[in-house]
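There are 2 protein chains.
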Amino acid sequence: MRLNRIIRNITASAALFILSMTVHAQKKQKPLLIDEQGSFAVGGTIKTEAGHFNVNDALSPQGQTFHGDHAYVFYQKPVKAHKYPLVFLHGAGQSKKTWETTADGREGFQNIFLLRKFSVYLIDQPRRGEAGKSMVEATIKPTADEQFWFTQFRIGNYPNYFPNVQFPKDSIALEQFYRQMTPNTGAFDATVITAAVSSLFDKINAGILVTHSQGGGPGWLTAIKNDRVKAVVAYEPYSGFVFPEGELPAPIKSAGLFGELKGVTIPLSDFKKLTQIPIVIYYGDNIAKEPTNVWNKDHWRSGLEMARLWAAAINKHGGNATVIHLPEVGIMGNTHFPFSDLNNLQVADELSKWLKQKGLDK
Amino acid sequence: MRLNRIIRNITASAALFILSMTVHAQKKQKPLLIDEQGSFAVGGTIKTEAGHFNVNDALSPQGQTFHGDHAYVFYQKPVKAHKYPLVFLHGAGQSKKTWETTADGREGFQNIFLLRKFSVYLIDQPRRGEAGKSMVEATIKPTADEQFWFTQFRIGNYPNYFPNVQFPKDSIALEQFYRQMTPNTGAFDATVITAAVSSLFDKINAGILVTHSQGGGPGWLTAIKNDRVKAVVAYEPYSGFVFPEGELPAPIKSAGLFGELKGVTIPLSDFKKLTQIPIVIYYGDNIAKEPTNVWNKDHWRSGLEMARLWAAAINKHGGNATVIHLPEVGIMGNTHFPFSDLNNLQVADELSKWLKQKGLDK
Chain A
1 MRLNRIIRNI
11 TASAALFILS
21 MTVHAQKKQK
31 PLLIDEQGSF
41 AVGGTIKTEA
51 GHFNVNDALS
61 PQGQTFHGDH
71 AYVFYQKPVK
81 AHKYPLVFLH
91 GAGQSKKTWE
101 TTADGREGFQ
111 NIFLLRKFSV
121 YLIDQPRRGE
131 AGKSMVEATI
141 KPTADEQFWF
151 TQFRIGNYPN
161 YFPNVQFPKD
171 SIALEQFYRQ
181 MTPNTGAFDA
191 TVITAAVSSL
201 FDKINAGILV
211 THSQGGGPGW
221 LTAIKNDRVK
231 AVVAYEPYSG
241 FVFPEGELPA
251 PIKSAGLFGE
261 LKGVTIPLSD
271 FKKLTQIPIV
281 IYYGDNIAKE
291 PTNVWNKDHW
301 RSGLEMARLW
311 AAAINKHGGN
321 ATVIHLPEVG
331 IMGNTHFPFS
341 DLNNLQVADE
351 LSKWLKQKGL
361 DK
Chain B
1 MRLNRIIRNI
11 TASAALFILS
21 MTVHAQKKQK
31 PLLIDEQGSF
41 AVGGTIKTEA
51 GHFNVNDALS
61 PQGQTFHGDH
71 AYVFYQKPVK
81 AHKYPLVFLH
91 GAGQSKKTWE
101 TTADGREGFQ
111 NIFLLRKFSV
121 YLIDQPRRGE
131 AGKSMVEATI
141 KPTADEQFWF
151 TQFRIGNYPN
161 YFPNVQFPKD
171 SIALEQFYRQ
181 MTPNTGAFDA
191 TVITAAVSSL
201 FDKINAGILV
211 THSQGGGPGW
221 LTAIKNDRVK
231 AVVAYEPYSG
241 FVFPEGELPA
251 PIKSAGLFGE
261 LKGVTIPLSD
271 FKKLTQIPIV
281 IYYGDNIAKE
291 PTNVWNKDHW
301 RSGLEMARLW
311 AAAINKHGGN
321 ATVIHLPEVG
331 IMGNTHFPFS
341 DLNNLQVADE
351 LSKWLKQKGL
361 DK
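As given, the protein sequences belong to chains A and B, one line each in that order.
Residue 362, in the numbering used here, is where the first sequence stops; the numbers in between run on with no holes.
Residue 362, in the numbering used here, is where the second sequence stops; the numbers in between run on with no holes.
Any given hint could be a false lead.
One copy or any two copies: either way a pair holds, since identical chains are not told apart in the list.
Derived lysine to any residue pairs resembling SDA-like cross-links, with alpha carbons at most 20 Å apart [claimed, not checked]:
id	residue 1	residue 2
1	Lys-47	Asp-145
2	Lys-141	Leu-59
3	Lys-117	Pro-31
4	Lys-47	Ala-173
5	Lys-203	Gly-105
6	Lys-230	Gln-276
Please keep in mind that the hints were generated in silico from the structure rather than gathered at the bench.
Whenever a hint applies, use it, and build me the whole structure from the sequences.
And the structure:
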């Protein structure tokens, strides 16, 4: 028993040592030469209480303000940056951390694309992370739900990992993954997020918007609102697909735990703005091809099907939208987070190829 | 009327132009050469609900986990870094943003000390910012209180700025300042914060802890808990001053809105650990010398007096603690945030001088 434990400890230490050597080897690729970096708040609104502020009654709200619903942005510009920066918008329950170091300590898209000479803007959307001041009240509870997310995010069907999954199978990485989630400090509101992200594009003038999951919906709306969005890259969008009035497809039934998936109608004049820019959508692996009762695989089947209907609608109106199901281009095993999976350099290469094709990496 | 408005607009544009030129000129000082950067969660606890997780009943909490109360850390290591990194812990209502770009767009301590070849670790403490997963429930309300904070933080007595204040007087900077606050997602708990920051020092091996305001208390506790803390630098600590049993000074009465200020007793053996490392405490300007009814100036008078009693107790036991009231060394006009004030390069120089004196910049 005791010997078993010692052997287990030695094995764990050896694994950690090998892991740290790998990380070290990766990190030593090249130093980053950063021309400028910083952070700021952008967008948001203000409420002012009635009355006049009295400095001798300073704990009373009269005449005081509350600023909220802004985004927080951290940016870095490498020396000799390409013209268009990449602007990263996270998904549900995530923050800008989603694009930083991966759960097992490898480089995320932040560093990978800095090394490829893109300026990066990492957003904490309004009511999330360091942009926590919300114009609406919220109650936050420590709800035990991580095995649900493990499954929903297609690492596997908990406690089983998908056999080919590109997610590290050690407990340290899984713990980091669970701890990178962070709650809403106010209800999710696509209009609020769109307003803040659009303000960011006003500030930076032009860029490529990269969204993940729930960020997809506000992503399309930002591109409609602001022609400074020069392209959209969406990883595994699910909700918020917008169609012109009269062209809404039937809801897609799904065994997924969020039920059937519906599109949303918008005026044709708004929809047509999405036909003016290149758009690419990526989905990972272990998504059902046909309806199934395996709920996570079926949830994402409905997302992928809706994305294809949506891209077809965009292209019918003269647009330029592509859906890439990564296994179909030979990239296997990706979870809901392709940009941080074990093969994220390969996933990044696929994006670099697309950016080059569209002339977006000048 | 219309001419007035045009002139006002021209003046505002000119001011903005001059501001942006200044920022630009500052930013162009030198590119940062970053050997490594990344982020991770550290510390924290786990709760597991009773029962067994069933993937076909995945929205039920049975057998599911919740990870919370970790810190989030973003770090950068410059090429040829000094031996000891600077580890930055923010104050109440703040996040790591507090050390980044200032409200008016200048370099914060993050960039200033990277350029001076220190590795930097920027913490979002447990239950704040991107470390939002809290083990305790919280309700967050959009409370209008910003004119209180303007006054409490000694920018002035709202709406008046202190005549010599080192805070920009334009509305854009003030808006950024208000928006950099972010709420607790669970009650402030010094023990929880100390545990997470101590775990960070275990991970990085050794470093210099730099705290602000409310971070001061967890700062002393971390240094007691973990001898990998090689020095503590505290900007304007207020609460959490620890004294050995039997040496607690009388509470200091104050017209400040938090009332009288009390120390806290700890065992002598713990207290003595604070005598083993160099400690420096800085306070800014517009703090009363004698008791006064101007509540913000009197609040910080009680803090400064308590800090002096505390440093005397440390030194009586053979320690090495210094309190520097910045106006007494000729640095005038600082608010509660000296490290981001208009003269923050001068404030940084003062810190660099101390680090050099103590041999901490090798």
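Intra- versus inter-copy proximity for Gln-276 and Lys-230 (alpha-carbon distance at most 20 Å): within (9 Å within a copy, 57 Å between copies)
Alpha-carbon proximity context of Lys-203 and Gly-105, limit 20 Å: between (32 Å within a copy, 13 Å between copies)
Up to 20 Å CA-CA - Ala-173 versus Lys-47, copy category: between (42 Å within a copy, 18 Å between copies)
20 Å Cα threshold - placement of Pro-31 relative to Lys-117: Both: 12 Å inside a copy, 14 Å across copies.
Alpha-carbon proximity between Lys-141 and Leu-59, which holds within one copy, between copies, both or neither at 20 Å: Between copies, since 15 Å is at most 20 Å while 28 Å is not.
Same-copy or cross-copy closeness of Lys-47 to Asp-145 [CA-CA at most 20 Å]: The answer is between: 11 Å across copies meets 20 Å, while 35 Å in one copy does not.
Comparing the model with each earlier hint shows no violations; every hint is respected.
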